[in-house]
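Trainee: What follows is each chain in one-letter form.
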Amino acid sequence: VSSRRGARRARRVGPSGGRAPAILLAIALWGLGAAPACGADPADAADVIRKHGQPSGIWFDASGREVWDYDGNPFRFSGLRFRFDPDGRLNQSEETRNESAVASVATGMSARVVRETLGEPPTMYFIRDEAHWEWRIWWAGRAAHRLVVQFDKNGVVKAVGKYRIDGKGLGGMR
Amino acid sequence: VLHRAAVLMLAAGLTACASFAGPSGGVAPSGRTMSEMRYSNGLPDAIRFDADGRQVWEYTGRAVRGGAYRVSFDTAGRVAEVTPFRTPADVAQVKAGESRAPDVLALLGDPERIRVIGDGALSWEYPLPDRTRLVIRYGPGRIVDAVRIEGGAS
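Sequence order for the protein chains is V and H. Numbering-wise (this note's numbering), the first sequence opens with residue 1085 and increments by one. Numbering-wise (this note's numbering), the second sequence opens with residue 3 and increments by one.
Note that these hints are calculated values from the structure, not bench results. Each statement offered as a hint is correct.
Listed below are the simulated SDA-like cross-link pairs for lysine to any residue, each with C-alpha atoms no more than 20 Å apart in a straight line: (1) K1242/V with F75/H; (2) K1135/V with R117/H; (3) K1237/V with E1214/V; (4) K1135/V with G120/H; (5) K1237/V with G33/H; (6) K1237/V with E38/H; (7) K1237/V with M1208/V; (8) K1237/V with M1193/V; (9) K1237/V with H1216/V; (10) K1237/V with S42/H; (11) K1237/V with S74/H; (12) K1237/V with D1213/V.
I would like the entire structure built from these sequences, with the hints used as guidance.
Mentor: So, in structure tokens, the structure goes:
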């Protein structure tokens, strides 16, 4: 008798005991899917605004995609870039000023390509009428550097320099 | 002699100040170098490029009083043209149901603020000289859904 009771209890407990984890799992999965702005990658332009705030620049690339740049902070060592499809869905997100992007900047390149590769420079100055655009970057194993791109008078890259920022913080800018 | 030199230097300085002003200053700075624009008017708010790859700098009112204007440079890096934008005529060209985001950007430049409306749609907002705000709401396909002026002097 007791074994029959045990079996009956097991049948009763079995289904309800298995339901609780399933419900918890369902809630967890719903939570992950329903809260894109709370940690998961953004899915569209509205998510990007909620998560990252106002872009520092907007432009349209050669294929007509809307591009938002986040590189307005001159003290940051990298920037963010989001590309959107015409319907506002996020097509691509990337970190700008990463090592491969920085390495691709070379003499002979146009200012437009530099702008599209690295984003807008937070610092611009002129020496003998030649423009110098400057960013802060991570370079050579995430060491803080200044990246200086020098243009000739026709707006073509003439020289690219990377200068390590020393422990005192300003990298020769004092 | 010193007095005369000082007067000449002052006159030269005043001329330089006047010619570095934006369009509102009444003196078009055509022929000035990029460097002169940079140091007289500050960093541009946006650097763009025209179809021929020439630089176009946008100033949207923070650096220079008198509204937004674009400075186009020639291939030698000298100012070729200064064009006011975000004018009433530009605003009038933004049409609900017709204009797209690239059209708005070409006419008005970067918005000062992008706002997410309740249903996930976006609006671009621009300050106007009379302290009102131009609000451009987008619908599906990034086509302008509505254009309106909001607010006023408080």
